[in-house]
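Protein chains: 2
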Amino acid sequence: MTWQPPRPAFVSGVGMTDFGKHENRTLTDLACEASIKAIVDAGVLPSDIEAAYCGSALAGILQRDSGVGQSVLMELGITRVPVINVENACATGATALHLAWRDVAYGIHDVVLAFGVDKAVMPKGTVLAAGTATFEAQLGDIFPGTFALIAQRHMSQYGTTAEQMALVSVKNHDNGVLNPYAQFNKPMTLDDVLNSPMIAEPLTLFSCCPNSDGAAAAVVCSRDWLERTMGGAVRIGASVLASGDYDPKRDMTYWESEAFCAQQAYKAAGISALDVDVVEVHDAFTISEIVHCETLGFCKRGDGGAFTESGATGIHGQIPINPSGGLLARGHPPGASGLAQIFELTTQLRGTADARQVKAPSVALAQIMGGSKANDAQACAVHILMKDLD
Amino acid sequence: MTWQPPRPAFVSGVGMTDFGKHENRTLTDLACEASIKAIVDAGVLPSDIEAAYCGSALAGILQRDSGVGQSVLMELGITRVPVINVENACATGATALHLAWRDVAYGIHDVVLAFGVDKAVMPKGTVLAAGTATFEAQLGDIFPGTFALIAQRHMSQYGTTAEQMALVSVKNHDNGVLNPYAQFNKPMTLDDVLNSPMIAEPLTLFSCCPNSDGAAAAVVCSRDWLERTMGGAVRIGASVLASGDYDPKRDMTYWESEAFCAQQAYKAAGISALDVDVVEVHDAFTISEIVHCETLGFCKRGDGGAFTESGATGIHGQIPINPSGGLLARGHPPGASGLAQIFELTTQLRGTADARQVKAPSVALAQIMGGSKANDAQACAVHILMKDLD
Numbered sequence: 001m002t003w004q005p006p007r008p009a010f011v012s013g014v015g016m017t018d019f020g021k022h023e024n025r026t027l028t029d030l031a032c033e034a035s036i037k038a039i040v041d042a043g044v045l046p047s048d049i050e051a052a053y054c055g056s057a058l059a060g061i062l063q064r065d066s067g068v069g070q071s072v073l074m075e076l077g078i079t080r081v082p083v084i085n086v087e088n089a090c091a092t093g094a095t096a097l098h099l100a101w102r103d104v105a106y107g108i109h110d111v112v113l114a115f116g117v118d119k120a121v122m123p124k125g126t127v128l129a130a131g132t133a134t135f136e137a138q139l140g141d142i143f144p145g146t147f148a149l150i151a152q153r154h155m156s157q158y159g160t161t162a163e164q165m166a167l168v169s170v171k172n173h174d175n176g177v178l179n180p181y182a183q184f185n186k187p188m189t190l191d192d193v194l195n196s197p198m199i200a201e202p203l204t205l206f207s208c209c210p211n212s213d214g215a216a217a218a219v220v221c222s223r224d225w226l227e228r229t230m231g232g233a234v235r236i237g238a239s240v241l242a243s244g245d246y247d248p249k250r251d252m253t254y255w256e257s258e259a260f261c262a263q264q265a266y267k268a269a270g271i272s273a274l275d276v277d278v279v280e281v282h283d284a285f286t287i288s289e290i291v292h293c294e295t296l297g298f299c300k301r302g303d304g305g306a307f308t309e310s311g312a313t314g315i316h317g318q319i320p321i322n323p324s325g326g327l328l329a330r331g332h333p334p335g336a337s338g339l340a341q342i343f344e345l346t347t348q349l350r351g352t353a354d355a356r357q358v359k360a361p362s363v364a365l366a367q368i369m370g371g372s373k374a375n376d377a378q379a380c381a382v383h384i385l386m387k388d389l390d
Numbered sequence: 001m002t003w004q005p006p007r008p009a010f011v012s013g014v015g016m017t018d019f020g021k022h023e024n025r026t027l028t029d030l031a032c033e034a035s036i037k038a039i040v041d042a043g044v045l046p047s048d049i050e051a052a053y054c055g056s057a058l059a060g061i062l063q064r065d066s067g068v069g070q071s072v073l074m075e076l077g078i079t080r081v082p083v084i085n086v087e088n089a090c091a092t093g094a095t096a097l098h099l100a101w102r103d104v105a106y107g108i109h110d111v112v113l114a115f116g117v118d119k120a121v122m123p124k125g126t127v128l129a130a131g132t133a134t135f136e137a138q139l140g141d142i143f144p145g146t147f148a149l150i151a152q153r154h155m156s157q158y159g160t161t162a163e164q165m166a167l168v169s170v171k172n173h174d175n176g177v178l179n180p181y182a183q184f185n186k187p188m189t190l191d192d193v194l195n196s197p198m199i200a201e202p203l204t205l206f207s208c209c210p211n212s213d214g215a216a217a218a219v220v221c222s223r224d225w226l227e228r229t230m231g232g233a234v235r236i237g238a239s240v241l242a243s244g245d246y247d248p249k250r251d252m253t254y255w256e257s258e259a260f261c262a263q264q265a266y267k268a269a270g271i272s273a274l275d276v277d278v279v280e281v282h283d284a285f286t287i288s289e290i291v292h293c294e295t296l297g298f299c300k301r302g303d304g305g306a307f308t309e310s311g312a313t314g315i316h317g318q319i320p321i322n323p324s325g326g327l328l329a330r331g332h333p334p335g336a337s338g339l340a341q342i343f344e345l346t347t348q349l350r351g352t353a354d355a356r357q358v359k360a361p362s363v364a365l366a367q368i369m370g371g372s373k374a375n376d377a378q379a380c381a382v383h384i385l386m387k388d389l390d
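Taken in order, these protein sequences are the chains called A and B. So in the working numbering, the last one in the first sequence is 390, and the numbering has no gaps at all. So in the working numbering, the last one in the second sequence is 390, and the numbering has no gaps at all.
Just to be clear, a hint being listed does not mean it is correct.
Just so you know, same-sequence chains aren't split out, so a pair can sit in one copy or run between any two.
Said to hold, decoys possible - Straight line, CA to CA, 25 Å or less: simulated SDA-like cross-link-like pairs of lysine to any residue:
| id | residue 1 | residue 2 |
| --- | --- | --- |
| 1 | LYS387 | MET198 |
| 2 | LYS300 | ARG153 |
| 3 | LYS37 | ASP245 |
| 4 | LYS267 | TYR106 |
| 5 | LYS267 | ARG80 |
| 6 | LYS21 | SER272 |
These aren't lab readings, by the way, just hints derived from the structure by calculation.
In isolation and in its complexed conformation, chain A is listed as follows (with noise of 0.2 Å):
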């Protein structure tokens, strides 16, 4: 695959709900709400689309429920089109969003709708595997676990302290209370991350993202339907989904499956890494924002907890990375989650997100990430964003 395709894709529409609690909303109910909004965002009609891909990585793990794509067109009276489940663990949204993206891009549809959701309502006791279910959660390998892996072999490795990973959630903290749509809304102190009840040495509870209920959803569209948009469009540089591979003797603190579809990326939007204005990162834990930081090419190896530190991460840093509050305070529905980045970035690129706007951004990139395997991720998804339009 070249990632070349042959016209452009643009995103014209983006809708969210609140990330959070929603005990008494369905799947359908939070999923309609977004998608209705980025309907209306796009300036399009329901008859307008002609696809249609749902995310949810937890409706049939959680809610035996394995039709919300097909629950959701009807309530929006949307009929015979094709409509797609798809789910990638974390990168199930960005996994809709690629598919949709794909639609347009290589000219099979016009406009296409993606949509993720996911409720986290688990029975007490319940976890979530990192790998599959049938033999990684057995022998311990959940993600808390497994991040926490990850974070003591950055700090015998590279020198990356507690205190530089925490700092990464104090940032997400404060920018979540600048975010109307974050499921936290307050400030966090280094000491609240620090001294917060340890799950997995070095991660303390507030290293690691909530499980949230929410939905995100974005219109796709070709340029012919652009002028409806009433938000604005933006102009989908790249969009990369790759699988990872398994190898023991990797280096666990470095993403291969990241580190590919990233150059792929800047390769397809004709860009570097030194271009991106603005980004959404899978900050399931605080150590992989700093991971995140280094396999993008935002700073050399090694170097992410330093870079976090120097306060380059920041709203008005060098390169702000989750403006929104990311993972660890917007929250994490992993069915919707990779939407909201896009439902994030598409603001800043607007230059419509009020008290959390990044200065004048152009380019933006969201990374996501799905499961894991010897600690390559088993499905990874970068998209790039860009406001220039022609």
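Fit chain B to the given chain A structure using the hints.
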């Protein structure tokens, strides 16, 4: 969507496991067996695969595993390609094939793997809902109930008899005897079907398909890769996937979404129902096959019962339907069934179906549907395969 892609796509390899009970095998293991068989049959290497779609309808619900696609790719040594897990209820396997077709037909990839797998290990008392799990199941709208209503209505409206419906099961079990992959290999008499325990009047136990374990796979490729195939390639004349709609006043005895898919598919392939030589349909219940005969245009509306009774749908009849044994006898792992249909039809078009070979077929049709909502399918797929390769 025109359903008319810029270039043809071909099925160049197929593979499946035995359908039945595989208590000691994992989803990954079953899917690997089917995938390896399909890859070998296509004459390609795992490293030639440029993208993969994994269909599983129940992995999340029943096995708490949402990363089967990734696990299979790891085992096969396929890395750095997009892999997407899809689910569309009983249309899940066909959805994986549809995406593979789209990738090749629209020039995104040249060699794509579609596989589907499920294990129906259910705790006693588990109920699989026909619609979303939220409301319909609570109201009793589970599969046997929904299809019993359709059967009752068909009997009342058209005079269809319990015997005519039972003959579908007799025929399909006769075919299953000839299929080494089938779950049930014993013939069944009309009395066996009629006298088996009543599930939902008029549907008896042997009027309902079983829950099965199994996997099936297909390799889809562009023309350049055709000469590698070991078993022979067939052209995908049409691949149509559509959602249903919601109209509580609709005639229950007819599926509008299926009629839509069939019409689009016939148009795309440049044929009519009269040109079809062999068919696999979604006979989850005996009444279903009768309705499909009508909806797909093989007989007049209301005549499906008499058409079945006439023997027209037997292996040596006017239009053989479900020579594999169908869901009723081959078995029904929902993630795999759509691809098992493609396995059967490819085998039939190749002329290698041995004892169950129909006479010199050149056009084949596969129909499958998933879920239901006020009796329109939530997802319906129709594929047309053609022997003619030019």
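Hint numbers not upheld by this structure, sorted from lowest to highest: 1, 6
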